[in-house]
Each structure stands twice: as structure tokens, then as C-alpha cells.
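Enquirer: Here are the chains, one letter per residue:
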Amino acid sequence: MIKQYKIENLDCAHCANKIQQKVARLDGVRQANLNFMMQKLSVECDDAIAARLDDDVIAIVRKSEPDAKVRVL
Amino acid sequence: MSANRKLSIRIGVSAVGFATLWTVFAFVQAPQWAQLIAYLAVYLVIAYDTLWRAAVNIAHGQIFDENFLMIVATVGAFAIGDYREGLAVMLFYQVGELFQKYAVGKSRRSIGALMDIRPDVARIVCDDGQTAEIEPERVEIGQTLLVRAGERIAVDGVALQDGTLDMAALTGESRPYACKQGERVLSGAINMGGTLTFRAEKQYSDSTVAKILDLVENASDKKAKAENFISKFARWYTPAVVLAALALAVIPPLVQGGGWTDWVHRALSFLVVSCPCALVISVPMSFFGGIGGASRVGVLVKGGNYLELLHRADTFVFDKTGTLTQGKFAVESVSASESAEQVLAWAALAERQSNHPIARAIVQAAPDAGGETRSVREIAGKGVVAETDCGEIAAGNAALMREYGIDAPASDGVGTIVYVAKDGAYVGAIRINDSLKPDTADAIRAINEAGCKTIMLTGDGADVARQVCEQTGVCEYHAQLLPADKVERLETIMRSAKTVAYVGDGINDAPVLMRADVGIAMGGVGSDAAIESADIVLMHDDLSALLTARAVARKTMRIVWQNIVFALAVKAAVLVLSALGVTNMWLAVFADVGVAILAIVNAMRCMRAPRPSRRRSAKRATTRIAD
Chain A
1 MIKQYKIENL DCAHCANKIQ QKVARLDGVR QANLNFMMQK LSVECDDAIA ARLDDDVIAI
61 VRKSEPDAKV RVL
Chain B
1001 MSANRKLSIR IGVSAVGFAT LWTVFAFVQA PQWAQLIAYL AVYLVIAYDT LWRAAVNIAH
1061 GQIFDENFLM IVATVGAFAI GDYREGLAVM LFYQVGELFQ KYAVGKSRRS IGALMDIRPD
1121 VARIVCDDGQ TAEIEPERVE IGQTLLVRAG ERIAVDGVAL QDGTLDMAAL TGESRPYACK
1181 QGERVLSGAI NMGGTLTFRA EKQYSDSTVA KILDLVENAS DKKAKAENFI SKFARWYTPA
1241 VVLAALALAV IPPLVQGGGW TDWVHRALSF LVVSCPCALV ISVPMSFFGG IGGASRVGVL
1301 VKGGNYLELL HRADTFVFDK TGTLTQGKFA VESVSASESA EQVLAWAALA ERQSNHPIAR
1361 AIVQAAPDAG GETRSVREIA GKGVVAETDC GEIAAGNAAL MREYGIDAPA SDGVGTIVYV
1421 AKDGAYVGAI RINDSLKPDT ADAIRAINEA GCKTIMLTGD GADVARQVCE QTGVCEYHAQ
1481 LLPADKVERL ETIMRSAKTV AYVGDGINDA PVLMRADVGI AMGGVGSDAA IESADIVLMH
1541 DDLSALLTAR AVARKTMRIV WQNIVFALAV KAAVLVLSAL GVTNMWLAVF ADVGVAILAI
1601 VNAMRCMRAP RPSRRRSAKR ATTRIAD
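So the protein sequences, as listed, match chains A and B.
Numbered according to the numbering used here, the first sequence spans residues 1 to 73.
Numbered according to the numbering used here, the second sequence spans residues 1001 to 1627.
Keep in mind that the hints are not guaranteed to be accurate.
[To be verified] Heads up, simulated SDA-like pairs for lysine to any residue below, C-alpha to C-alpha not over 25 Å straight-line:
(1) A:K63 x B:N1004
(2) B:K1202 x B:M1192
(3) A:K40 x B:M1192
(4) A:K63 x B:A1240
(5) A:K40 x B:V1242
(6) A:K22 x B:R1235
(7) B:K1222 x A:R71
(8) B:K1106 x A:R25
(9) B:K1106 x A:E8
(10) B:K1222 x B:K1232
(11) A:K6 x B:A1380
(12) A:K69 x B:G1105
(13) A:K69 x B:K1101
(14) A:K63 x B:K1006
(15) A:K3 x B:S1205
(16) B:K1222 x A:D56
(17) A:K6 x B:V1242
(18) B:K1101 x A:D67
(19) A:K69 x B:K1202
(20) A:K63 x B:R1235
(21) B:K1006 x A:D56
(22) A:K6 x B:D1206
(23) B:K1106 x A:D56
(24) A:K6 x B:E1137
(25) A:K63 x B:E1137
(26) B:K1106 x A:V70
(27) A:K69 x B:R1235
(28) B:K1006 x A:Q4
(29) B:K1232 x A:A50
(30) A:K63 x B:I1063
(31) B:K1232 x A:A68
(32) A:K40 x B:S1110
(33) A:K22 x B:D1206
(34) A:K69 x B:A1240
Simulated from the structure, these hints should not be mistaken for laboratory data.
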């Protein structure tokens, strides 16, 4: 399934790339794409991990870019 | 207070503090410790957030983090006694950060404005004749809607009266469009005339405007090679520069046996330029700007990678019907042993129920064919045989005539020939033609002149194909292809070309569009199939839109590479000069922030879509060509 997140206050493109990379490395994630200009993260993942994904994404974003806010779309 | 506002105030306060301290200490002989404390106090005002983030990131085990590196560089400057330098570097760094945030926000907003084609409201007409405003998302199919002058049409539908529309948001074409009653109206168009009513045919989410917005907003999900290259480069760049800085600080003093302060100073300059942000930010910004700007002129691009591929394309393959030609067929001539009108009327009688474009052309040419049709058999790829009260009429190609053992004279000249036979005897032949789009030849010439190869694929015979190539200047053709052959032929072409763009109308060539390196669908307004399968959708129906798309791709790629080369060159120069001790941290931070600002400003130029350079040519008469 595909889950989407809005990441607000994402000002650093390099951090955005790091976030994308880390999310893509999560177990069960097939593909992750962070659209820096739209501040939108789309994650294609196995259904089994979908419930857990929100927390993982929030944790990753908080670590890489503490000022950013994550909203589940 | 907004974060940017707060940061600007901090920058202002510390800049004033910095200038004051500098002036005061130029006149007053203060002890070192007093100077240190004074500068450190200002430093904390400007750097506390960076310090905090660096600490948090260290706790998370990230050492090559730009916050941390800036802290190391500036604290390092303090440690070797360059208080002013340490403070100045941090100050400029923050100015750069502020500007970057501002620029990103501004470009996000202006791209948002660029795509502001979302209808705000839908006005439904209730049974009692009253109107009610609802959200476009809540409109249901079949409802009657009313648009006042200057408002946007909320969902796709059918006009219930004549009107005038501004389609600029969809096609980039600013000329008003006169729409007739019963004609399709598209969401996103602005009503320019008086009040217009229409019936909703689609829900908002399936309507053109929602599709366009969705496509453009998700466009940069597909990243260009240039962008991936930069992300990869950025991952290695920072650690490499930091390690080089470390080596520079340690190795030469050990070898020379001294001079620590000087070498550490040089190394700190390295840290200042170790952040790859200018590069990393300007590339997606350029692509996004290019895609947003293109959408304004009726070119929808599904990803930065397609702009890149279109720019690189060295071979353009075109479908013929509906792409190079108008795809509108008309009867050109009728050869008959007796009455031409009678032959047309018989053919029209037989073809009356068919939806084939050729059949429609015949019916249009003979609107009042008398008589009744009792039964019709359509023979795919050949024609029709109909039982009518005038007798049995067969209308179709030479193969149909052969199948029925009818002796039809071979026709000379080109065009689609429909042979007509009545009760097993040949009565005449109808020649049907399609015409070139007015700007086809100009567009093909422009592409040829740019050094690209042009190839046409068609299901028609070689005669027709050759004639179209002569009239348009297309270099090469492949004729008599069935739809399935087209994919195969395209693959053959792709083997001998670098990058192949395929241009079709998206109606029956979806597999070819998908197979090509870049699939470009023309006249995409309202065509779902085209929007689904193409990589680039030209909302305009003529080939000049292809030139616009090429111009956008070229401009975007030029800006992307300008930024990459410029930023890398400046960074490399700063690194070399710092290593040699020619420059200092002041210059390094200036160069770094300056490059970032210039790259961002340059990237924002992408939002203005260029018009293709076109020589004005004498208006060509529409040339009739055979199909």
C-alpha cells in the first residue's frame, strides 16, 4: 500500500534526501520518495508494517530535521 | 512570531553587536579574556539554535551534520584566537540559512500560485431554480451547474447553452474559446461570457483539473539523473571534505614540526564549505520550477527525468493520424460509372451505423441518403456489407471486393479508397483524405534543424506515407503497421538511437507511448488515456506545443547544469585557495552563501516557460494529403 505524509518546515534539501534514504531502508518499505518542493513523502510498503510506519516516519523526521512537523495524509 | 522573523531579528541584533564590539575594541585596549567574553556573548545570540541542533544530532550519532560542522569551524576560530572571524562566519551562515528558507518558501508559494487553477466553488441549480454553492468535490454526475462570468468551471461536463471560455489554464492558449451547446466543457476553464449552465459528467476527482493538479504536484516524485547524481554526490562530499580538513590540520604541522595555528585555520575554511546545500536545493527547485512553468503553457510533465530525457532525445517518432494530420477525414472525390451522388448515398446508407472515422466522413458527405438499412455486417479491417431496401451494398477496401469476387478497377493516386458495390456489381469508389495540421511542417523542420531524426509510423500504405513525409519533411517512414507492429518497430528504432521520444495522440497508441524513452501525448485535454500512459502531455492539439516542451526542457537542463558546475567550481576554488592559505574563512563563507543564493535565484528562473524561437513563415494553405 502507499502512505503519504506532509512534512512541514522542511527547509533543507540535503536533510530531505537523508530522510528519504532512511525511510527507504526501513524493513518492509519498497520505495520511499520525498518531494522536497511539495514537502510530501510517499512510501510504498507492505501492508504488514503499515500500522507501524507512521511512528517510524515521525521518529526519522524528528531525528534528521527537528524543526519539521509530520502530518499523515 | 514566524521563525524567519525571529531569525532576522537575531541576525540584526548580532550584526549590530558585532560592529559595535569591533569598533570599541579598535579604540579601547581590552584584555583578551574580556574580548573573548564579549564576542562569545554575541556568538551565543546568533548560534544558540545551531548549537542545540548540533548537540541533538551528535546524540543521534550524526557527526557529518552541517550544524555540527559550522560549530566546529566557528568554535575552532575562537580557539585559535580569531574571535571576529568565528562570529562573522556564523553570522553569514545564518544569513545564508535565512535567505535559503525565504527562497524555498517563496518558490513553493509561487509554484502554488502557478497551479492555482483549482475551482473554489460549484454552484448547483436545484429543482426549484434556486442555486446553491457547494464544494466541487460534492458535485454529483448529472447535476446542473451554473457558472457566472469570471468563475471557473468546477467539474467536467456538457454545456447546456453556447458560451465563451478561457482555456488558458488548461492549454496555455489565451484566445477565447467559443463553446457550443452540447459541447464538452472542462473543469479549470474560466467562463468569459455571461452566465453559463452545464451538466456535470464527471466527479471532481475524475475531472481534468484534478488530474492536472495531481500530475504536476506528484511530478517530482520521478527524479532526474542530475538530481540523483547530486544526492549521491552530497552524501560523499561532506565526509570527504571533513576528512580532508582533518588531514590538512594535522599532517603538514607534523611534517614541518609546527605551524599548528596556520594549518588549523586553513582547515577550518574547509569546514565552512563542507555543506552541499546550495547544490542539493537548486536542482529539485529547478526541475520543479520547470514543470510548474510548463504546466502554465499547456505542457504537463510527469517528472524531472522526462524533461532531462526530452532534452537528450535525438530521435522523434511520430504517429501520423491525429498527430501530424488532423485526424479529420473528408470525402475528396468520387469516381462513378453513373452518378457520383448516388454512389455516395448508397455508401452512406451502408455506413450509417458505423463509428469509424471514414464511415463518418462518408455519412457527412451524404447526409440525406434515402432508404432503410435492414442489417449490417462489419468486417473488421475491410468494410461493411449492408442489406438495404435498395439492395445489398458493400463498401470497403480492395480486400473486401476480392472477398466478394467483385471486380473493382485499381485506383491510381493516394488516399483511402472505399469501393462501393451494389448487388455484387462495382458501382464506384470514394477517395477520403485527411489534412495536415497547419504547423506540422514548421515544427518538423525545427526538429530536423536541431539535428534530431524524425520518423513517422503509420498503418497506412507506403504511398500515403511517402506523400506525408514529402510534405512535412519527416526523414523516414514505416508504413502499413498494425498497432501491435508499432511497438516492435519502435523497439528497433530505439536500438539504434540514443534517446527516443514518441509523439502520438494517446488514443490507440498507449503501448507505444509507454515503451518509448519519453512518451508524448498530444491534445491531452480531457483524454484520460493520454494522461495515464504518456510521460509528457501536450494540452494543445498542434505540434508547436512540442517545440514549447523542448524549449522548457532545454532551459531547465541548462539552468540545472549551470548551477551544478558553478557551485562545484566555486567550492573547488575555495578549497584549493584555503589549502594554499591564500584565502580565509571570511571569503569561504561569503563564497558558500553567495553560491547558494545565486543558485536559488537562478533556479527560480525555470518557472518562466520560454517560448520556442520560431521564424515567422508565410501562412501555409492547409495541404490536403491522403490517408
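Enquirer: Taking the hints in turn, state whether each one holds.
Expert: Here is what the structure says about each hint:
{"no.": "1", "hint": "A:K63 x B:N1004", "in the structure": "holds (22 Å)"}
{"no.": "2", "hint": "B:K1202 x B:M1192", "in the structure": "holds (22 Å)"}
{"no.": "3", "hint": "A:K40 x B:M1192", "in the structure": "violated (35 Å)"}
{"no.": "4", "hint": "A:K63 x B:A1240", "in the structure": "holds (23 Å)"}
{"no.": "5", "hint": "A:K40 x B:V1242", "in the structure": "violated (31 Å)"}
{"no.": "6", "hint": "A:K22 x B:R1235", "in the structure": "holds (13 Å)"}
{"no.": "7", "hint": "B:K1222 x A:R71", "in the structure": "holds (22 Å)"}
{"no.": "8", "hint": "B:K1106 x A:R25", "in the structure": "violated (32 Å)"}
{"no.": "9", "hint": "B:K1106 x A:E8", "in the structure": "holds (14 Å)"}
{"no.": "10", "hint": "B:K1222 x B:K1232", "in the structure": "holds (16 Å)"}
{"no.": "11", "hint": "A:K6 x B:A1380", "in the structure": "violated (52 Å)"}
{"no.": "12", "hint": "A:K69 x B:G1105", "in the structure": "holds (15 Å)"}
{"no.": "13", "hint": "A:K69 x B:K1101", "in the structure": "holds (16 Å)"}
{"no.": "14", "hint": "A:K63 x B:K1006", "in the structure": "holds (23 Å)"}
{"no.": "15", "hint": "A:K3 x B:S1205", "in the structure": "holds (19 Å)"}
{"no.": "16", "hint": "B:K1222 x A:D56", "in the structure": "holds (24 Å)"}
{"no.": "17", "hint": "A:K6 x B:V1242", "in the structure": "violated (33 Å)"}
{"no.": "18", "hint": "B:K1101 x A:D67", "in the structure": "holds (13 Å)"}
{"no.": "19", "hint": "A:K69 x B:K1202", "in the structure": "violated (35 Å)"}
{"no.": "20", "hint": "A:K63 x B:R1235", "in the structure": "holds (17 Å)"}
{"no.": "21", "hint": "B:K1006 x A:D56", "in the structure": "violated (31 Å)"}
{"no.": "22", "hint": "A:K6 x B:D1206", "in the structure": "holds (23 Å)"}
{"no.": "23", "hint": "B:K1106 x A:D56", "in the structure": "violated (30 Å)"}
{"no.": "24", "hint": "A:K6 x B:E1137", "in the structure": "holds (21 Å)"}
{"no.": "25", "hint": "A:K63 x B:E1137", "in the structure": "violated (37 Å)"}
{"no.": "26", "hint": "B:K1106 x A:V70", "in the structure": "holds (21 Å)"}
{"no.": "27", "hint": "A:K69 x B:R1235", "in the structure": "holds (24 Å)"}
{"no.": "28", "hint": "B:K1006 x A:Q4", "in the structure": "violated (31 Å)"}
{"no.": "29", "hint": "B:K1232 x A:A50", "in the structure": "violated (28 Å)"}
{"no.": "30", "hint": "A:K63 x B:I1063", "in the structure": "holds (13 Å)"}
{"no.": "31", "hint": "B:K1232 x A:A68", "in the structure": "holds (23 Å)"}
{"no.": "32", "hint": "A:K40 x B:S1110", "in the structure": "holds (17 Å)"}
{"no.": "33", "hint": "A:K22 x B:D1206", "in the structure": "violated (34 Å)"}
{"no.": "34", "hint": "A:K69 x B:A1240", "in the structure": "violated (31 Å)"}
Going through the hint list in order, the structure does not satisfy hints 3, 5, 8, 11, 17, 19, 21, 23, 25, 28, 29, 33 and 34.
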